[in-house]
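S.K.: Sequence:
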Amino acid sequence: MQASFGESTIMHRKLIDILIVDDDTIDRRLVERALKEPSQQLTFVLNTAATLTDGLECLKNHSFDLVLLDLGLPDSRGLETVDKLHQAYPQIPVIVLTGLADEETGVKAIKKGAIDYIVKPFKPDGLRTRIGIVLQIIELQQKLLSLANTDELTGLVNRRHFFDILEREVLQARIKGNSLSVVMFDIDHFKNINDAYGHSSGDIVLKQMGKILRENIYPLDVAARYGGDEFIVLMPEASSEKAAQAAERLRGVIDQCLWKVYDRQISITTSVGLADTDSGNLDSHKIIDKADAALYAAKRRGRNCVVRWDQIGPNEQTEKIEDRHFNELQAKVSSLVEQLRSQAMGMVSALIKAMNMVIKDPYIIHHAENAQVYAVAIAEEMGLSLELKERIGTAALLQDLGKITIPESILKKTTPLTEEEKQIIRLHPAAAAKILEPMGVFNQELQIIKHHHENFDGTGYPDRLKGKEIPIGAHILSVANAFDAITSKRGHHPAQSCEYALNEIEACCGTQFNPEVVEALKEAYEKHKEKWPLSTRAFYNTYSEPAAVSNT
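Each residue of the sequence shown is one higher than the one before, counting from 303 in the numbering used here.
Some clues are possibly wrong.
What the hints assert, rightly or not - Below, in silico cross-link-like pairs of lysine-lysine (DSSO-like), each with a Cα-Cα straight-line distance of 27 Å or less:
| id | residue 1 | residue 2 |
| --- | --- | --- |
| 1 | K445 | K414 |
| 2 | K724 | K691 |
| 3 | K422 | K768 |
| 4 | K509 | K562 |
| 5 | K562 | K588 |
| 6 | K386 | K422 |
| 7 | K588 | K478 |
Rather than coming from a laboratory, the hints here were simulated on the basis of the structure. Everything numeric in this text was worked out from a predicted model, so none of it was measured.
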């Protein structure tokens, strides 16, 4: 159960299992023929079902990467078909096949849980392209989920994800009547290592500690970095006695390990505390509290030992945190804050790097950076909180993440787009939200990103929100994007002056843009006119119509 960055993702497996649920034999054959065309990268393994009932049975007996689902089946019709499948198998990505040639049906299907929709009849190339886009989204979700659930320094499960796993395992133990144990490890005198050799030496020790736990726990166990120099191991189906034996073995491995910091050998020991569900701990937080109390009992007993919760006295069990060693607690809190900050920045950096590597378009890359500066300046003029300004700034950096799902030929097209190409372009905010959603740490940002193409008068997309229905961050990002787009050289569009951009944006005030935000932009420009515009370089050609007159 131990997570790692090295696990294979869907696009690297070559063989992609797809289930086609469609009662129309001709349509099924068209899909099969389109997907059996030779591909340099992927081979599709196809299974078919003619009814929803048969499709659900296939999903019960086999693991699929993707489902192509027709909305008109003999035993289920319309959007309720998506509902039923998504409720039964919420983790399976679904592309809806529909003969209903209206965008509203497709959007409703996505809201019901589908990841995309394709209108029949379709061209083989178009089908393969859309499936390829969906597979890219799935792969990014897998990578980002791993990133969100993993401690960056040690490669172990992080604290947040550990609690998710623990909640599930405690529930299973309660249902089945099994034992479950939690073991906590704390590196003895860790602060002294940092003080003597520097914080980078502490990182070396933490990495090695993670490696030891990962390589020496049992296959069903889950090791995590709990915070600072504390680690925790979940041992499903392990009684207190068995967990104590395993903990003693791990403590011995740590004690006997050859620890080196910058070619200097040092001694590392750990204090270990454990608790189990046999002691009536059927709540995840209670079992951790008891393991933590046992851990501190181990420290009071001389360190480098294992103590079980049921072996400590009443006074030790009720000891308050104020009575613990203040310096150790202070070091733990400080280290945990730094760790969380580092993880958050690491996730943002990884997302930006992933986008840059896939898009390879200098204009889009610099547009996000420039829009961030403009958006934060506007938010500053509006007197928004520091937290909201940070959320808006992060959203600006990540806003075009969904464009990695758009074919490069469309992004760089210099001639007018077809209606179909415009529809593909307009999916990118929702695609970005789909990619970010599994991480669980960008909830406010993804709402800003999803709605930054909504118009003040309700004529935008994807949900045609208007006025105050639109998040204020989305209003701000929309104006910031327009200002940067107009003042940047984009393909055959020359860069215009800031004054020209302000006039264009003001002309759309009350229709496309929020009047309050436009006024804040003008005030921000007066403060920063010597440094603005930020975009003065010539970039590669890329698709984008003038921002103040285009919703694409």
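S.K.: Which of the numbered hints above does this structure break?
M.R.: Going through the list in order, the structure violates hints 2, 3 and 5 and respects the others.
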